[in-house]
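*Asks:* Protein chains in written order, with our numbering: chain D, 177 to 535; chain S, 177 to 535; chain Z, 177 to 535; chain F, 177 to 535.
Among the hints, a few may not be true.
[As the list claims (entries may be wrong)] Okay, derived cross-link-like pairs now, BS3-like style, lysine-lysine, Cα gap no bigger than 27 Å in a straight line:
#	chain 1	residue 1	chain 2	residue 2
1	D	Lys435	D	Lys339
2	Z	Lys344	F	Lys344
3	D	Lys311	D	Lys391
4	S	Lys344	D	Lys380
5	Z	Lys380	F	Lys344
6	S	Lys380	S	Lys311
7	Z	Lys344	Z	Lys435
8	Z	Lys391	Z	Lys264
9	D	Lys344	S	Lys344
10	S	Lys219	S	Lys264
11	S	Lys380	S	Lys391
12	D	Lys344	S	Lys380
13	Z	Lys344	F	Lys380
Think of the hints as simulated: they come from the structure by calculation, not from any bench.
Number of protein chains: 4
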Amino acid sequence: MSKIYVAILGATGAVGQRFIQLLEHHPWFRVAEVVASDRSAGKPYAEAARWVLHGQPPSDVANLMVKPLDAAIESPIVLSALPGEIAKTLELELAARGHVVSSNTSSHRMAPDVPILIPDLNADHVGLVDVQRQKRGWTSGALVTMSNCTSVPLVVAMAPLVKYGIQKANVVSMQAISGAGYPGVASLDILDNVVPYIGGEEEKVEIEPRKMLGKLAGDEIALLDTVISASCNRVPVIDSHLVVASLSFEHVPSLDQIKADWERYTGHDLVRGLPSAPNPIITYTETADRPQPRRDREAGAGMTTTIGRLRPCPILDVKFVALSHNTIRGAAGGAILNAELLLAQGYVQGVGSVALAAN
Amino acid sequence: MSKIYVAILGATGAVGQRFIQLLEHHPWFRVAEVVASDRSAGKPYAEAARWVLHGQPPSDVANLMVKPLDAAIESPIVLSALPGEIAKTLELELAARGHVVSSNTSSHRMAPDVPILIPDLNADHVGLVDVQRQKRGWTSGALVTMSNCTSVPLVVAMAPLVKYGIQKANVVSMQAISGAGYPGVASLDILDNVVPYIGGEEEKVEIEPRKMLGKLAGDEIALLDTVISASCNRVPVIDSHLVVASLSFEHVPSLDQIKADWERYTGHDLVRGLPSAPNPIITYTETADRPQPRRDREAGAGMTTTIGRLRPCPILDVKFVALSHNTIRGAAGGAILNAELLLAQGYVQGVGSVALAAN
Amino acid sequence: MSKIYVAILGATGAVGQRFIQLLEHHPWFRVAEVVASDRSAGKPYAEAARWVLHGQPPSDVANLMVKPLDAAIESPIVLSALPGEIAKTLELELAARGHVVSSNTSSHRMAPDVPILIPDLNADHVGLVDVQRQKRGWTSGALVTMSNCTSVPLVVAMAPLVKYGIQKANVVSMQAISGAGYPGVASLDILDNVVPYIGGEEEKVEIEPRKMLGKLAGDEIALLDTVISASCNRVPVIDSHLVVASLSFEHVPSLDQIKADWERYTGHDLVRGLPSAPNPIITYTETADRPQPRRDREAGAGMTTTIGRLRPCPILDVKFVALSHNTIRGAAGGAILNAELLLAQGYVQGVGSVALAAN
Amino acid sequence: MSKIYVAILGATGAVGQRFIQLLEHHPWFRVAEVVASDRSAGKPYAEAARWVLHGQPPSDVANLMVKPLDAAIESPIVLSALPGEIAKTLELELAARGHVVSSNTSSHRMAPDVPILIPDLNADHVGLVDVQRQKRGWTSGALVTMSNCTSVPLVVAMAPLVKYGIQKANVVSMQAISGAGYPGVASLDILDNVVPYIGGEEEKVEIEPRKMLGKLAGDEIALLDTVISASCNRVPVIDSHLVVASLSFEHVPSLDQIKADWERYTGHDLVRGLPSAPNPIITYTETADRPQPRRDREAGAGMTTTIGRLRPCPILDVKFVALSHNTIRGAAGGAILNAELLLAQGYVQGVGSVALAAN
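In isolation and in its complexed conformation, chain D is listed as follows (with noise of 0.2 Å):
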């Protein structure tokens, strides 16, 4: 199989970047196109771009010519890291002409027909593309979206639980500065120093999840029943968020249980074999002072959530820590995984699923 092309939209940002950090050996995406605003459009990446991550952009997106927002895009699929005023029209739009559009931006999560995809999870949302090409006319075009990076260790700790019926999750995030974008957090605002206080991110934690966990059921997804309280702070952290949480259950399990479900948690079928998927999907820690940032957020190529200290709760019934990487599995890399389960299922137009099983 010849790889497919990839557009990143918002290439130059710092998510943008991850995207084409992490595409470099992908065996099946190849970035042939990077848009981005007028300031940058126009210019070979290297310049327009100020890469923020390790060394420097892989050399053949480097000279790619970065193109402006209202270009043309050819390729299938679009990865989309764009600002959410921009998203909320040029996705849909994009969507429209005919483009699988993977995005991380939050415009269009809580929109009905829009599945928050973290497919090891939910993969059986994707269902809802029929449910957008049938409703807005699209044919070959489609629209999912990754969910926020905050919500991502915590949900992903809930999904092996859902089956003793979460009622309560009360979430306290410690958020890495790259979840704010390049140039985001000033060092003044940041260093010796902890900002309590996201905007528009609690907001997004105490929904998404109930959205991500839900079930299609006909044309929507019926939330999960669980009410969510979330605190979220930013902290002098370069990447990945830690999020220290407490949950309470309709059929409390015992902490010997839930260890053993997160341990065997292999998530949905539909993710076996996609090149991102999650190797495993979770590590339970034993480490009294794991799982920690710095030293857990590479796990799996920064795919894997890592949870620890387990133990009863005082309030609710249990309380544990937990820690995803904010720009792989929280953002770019989920919304990479979201782009293979669109292809592997067979929503590419011209990419059947039979030609995948050839790869």
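Knowing the structure of chain D, use the given hints to seat chains S, Z and F on it.
*Replies:* Below, chains S, Z and F alone, put in the same frame as chain D:
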């Protein structure tokens, strides 16, 4: 009034240094003796201590010869920042020998006849000194303790709200490295990192506030009937502990009532006029992203607790963020305030409350 | 004497905030006007400025309405922390209109009739104000500038040694993030990192000290005949610039002579009694690993330069480490001191040096 | 070829851990023995070592029982990261007993018959092993050392330029905390701070490069005739040492010549094909603000030195910035490369260079 001599135990450590810094211009006390382990004993203080605060040690203390732990102490007042193991016996011996010991160590906090004093909240608990003198046969000696530093922002925020019947308190801390003393936290453990575990801390935070906010009834303190759940984390911040807390009440007050209770809180009458009394005890900030460690820890010379972000909690009733300086309000400054209270209340032999009036 | 009104230009920026903080209790000056860009104009200062220092802005300034850049200024003294482009014309216009402008901006530093004042080193350079008034036809107006912040620790260390004939000076800086203003350095660029380049900085450090340490001869300053090589680096430190310097001399002094010269250095007579005069100008520390930014930047209320580690250099003659607070001594505090000098020397119209004597 | 067993001395420390991490998938070597102080001996490695790198120790090493320092070692090759005092005698004893010891410790670096090997620069210095065997009566044993980590970026940058006659080298380092081992630098000493002193470091940097770049003549190394002046600083960076250097030459090359010399530098022939040989040895970057520790330390799997900012120096001839990973290139990776060289050159008894050819 000429100044009263105090001895500092554990004088070379991080909290010992704060004692010395805060007492440099104290109107009542003068550091007359510095006591530390054998390794330091016999050297001038400036040579024995690796000064970790700003500048250099005050010149009068710099030249004091460090005394060994078994030296005879002459000062009537003893401020202790000893390691727990040593404090366990030595603080009792010193009290038995007639010294008034104000300790920052955890060893004796939960002893039934030893108060955990935060005088603005519970100055009347000083009455336990009479109990301990009677029980233990001490004549002029006394032992009072200072709260665990992480409990401070929580307990200060709770104190004005006890009247509503606090049923549950969930607290997640983000704690400064200075809380672990010197050398304490290795830089390799905390730069670009968070450590989601601090040995023994959660247990303290789940019980000590209940004693501090309890009622002195007869010979002991009846614990406040509140369930506390604590999760403690170390973050790369120099000074001050930030807590994210949520509370539920028997009689739920409005957000405005709570803010008013905090802002009007003047604390216990016995604290008025003490040199280190916090002024104000609480500042409530309406700035959306405050309190922040680096920007709010110096409030009220490090003795004021700053609270912000009061809002409804979907699980308990309300949630908020609170911050106190951990080595001033939460350690050395607090223990000095306790010594001031004991002096003002006539518990220091040969120094009456009358004498103080002439100050 | 009633206080003299001053206007702060660029009042909402990082240096503008330091001006306001340092003037809160100033004995001579009172902030009467705050001026900033259109984005801020028309709002109360507390709302227009994102306060990046400790605590909150002083309450009297918090309520001042921010004036636009083209507003008529009434204060006789203007302290400027404007961006270079705007300063280039506006500072001249204000001086032409009769204001005494003490600028922290680089735009006019190298103009032949504009002094770069560090009054303890070169107070006599204030004589250039007479030159500029004559040349430019200004009556009561004046324009003086403050040194680049990185040159300060170098030039302060060099000043007492000029008598030995400094031939070469090699300097490598480690500079705080606050030197780049707010938002300034992105946290993603500096956490766990060093940036070995600061645009335009090395050029300034290689020439400005030669003017500051030059001799006023007739209408202009004869540059000090010294070759300077500078390498400038940004490090993850909040405040204060550290320089590692080596010097060669025509007449090589002993290390003891140099230490004595530094410790005895009292600076120019005209500076005595000015409220912001550094006291002492230099502290030499024998502690092996000092000066350090966090522990020495507050020395002398941020106006004292701390030097340490003087030792022979195998290439030049001697090497040492020096540190000054970059936004106090190296910016706002220095520019205030310059305004004090101008006032004390009778350069502020309607406010004589006699009036000051009555202070 | 089956893998050759190696023993790691000082296996639980920071450099010891890097040895283990780097050898996890090494094509020639396998960690068979881990040796550490009495405190660790007798425990499984995973329990004895507080792992400070990413993730967890490799599982095969995790279960090895730690041996005490006086244990009989069976592996022919010994990699040593011992503290200096212990290394002084133990490394000699092991060489005398027939082991090939590749040490990262400074104890024996300046002994006349012990080479400081950076094989790409001076692989021929390995000839000193024949000298030491003859002089000391060792049969199959050998002792070679790895450079001080701070000298590495300097000496790599100097090597291709030695032909121009380097007369003087001024170097100011900004060094990572991992260079001090674990626990090493206290976080209270380095957060928001720089420590402008590292005990013993400047002396090493002023002499070791002269030996490394010297010529093996008969029984010893003739030191390179260059004067080096070093100033060493600790900065809040996890890994990699950055140096700001200036050089003067007998025959001054152009900047373009120097860049070409760096970019074309392929190092000593004997290094080709060694598994850990840096590839490339040097990368020159034209990006104005690079190299930077966090963004360039991983270059070439941590073995490549990145250089940038080459420009004229007003005092010496040229100046530039260079960066090497301190615990990979500058410690564990370098010492592994040295062991590879010794093996490839037939210095490991019973393992001929022929065997390697079959690899």
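*Asks:* Now tell me if each hint is right for this structure.
*Replies:* Hint-by-hint comparison with the structure:
no.: 1; hint: Lys435/D <-> Lys339/D; verdict: 14 Å, holds
no.: 2; hint: Lys344/Z <-> Lys344/F; verdict: 15 Å, holds
no.: 3; hint: Lys311/D <-> Lys391/D; verdict: 20 Å, holds
no.: 4; hint: Lys344/S <-> Lys380/D; verdict: 25 Å, holds
no.: 5; hint: Lys380/Z <-> Lys344/F; verdict: 25 Å, holds
no.: 6; hint: Lys380/S <-> Lys311/S; verdict: 26 Å, holds
no.: 7; hint: Lys344/Z <-> Lys435/Z; verdict: 19 Å, holds
no.: 8; hint: Lys391/Z <-> Lys264/Z; verdict: 25 Å, holds
no.: 9; hint: Lys344/D <-> Lys344/S; verdict: 15 Å, holds
no.: 10; hint: Lys219/S <-> Lys264/S; verdict: 25 Å, holds
no.: 11; hint: Lys380/S <-> Lys391/S; verdict: 19 Å, holds
no.: 12; hint: Lys344/D <-> Lys380/S; verdict: 25 Å, holds
no.: 13; hint: Lys344/Z <-> Lys380/F; verdict: 25 Å, holds
Figure legend: structure checked against the earlier numbered hints; every hint is met.
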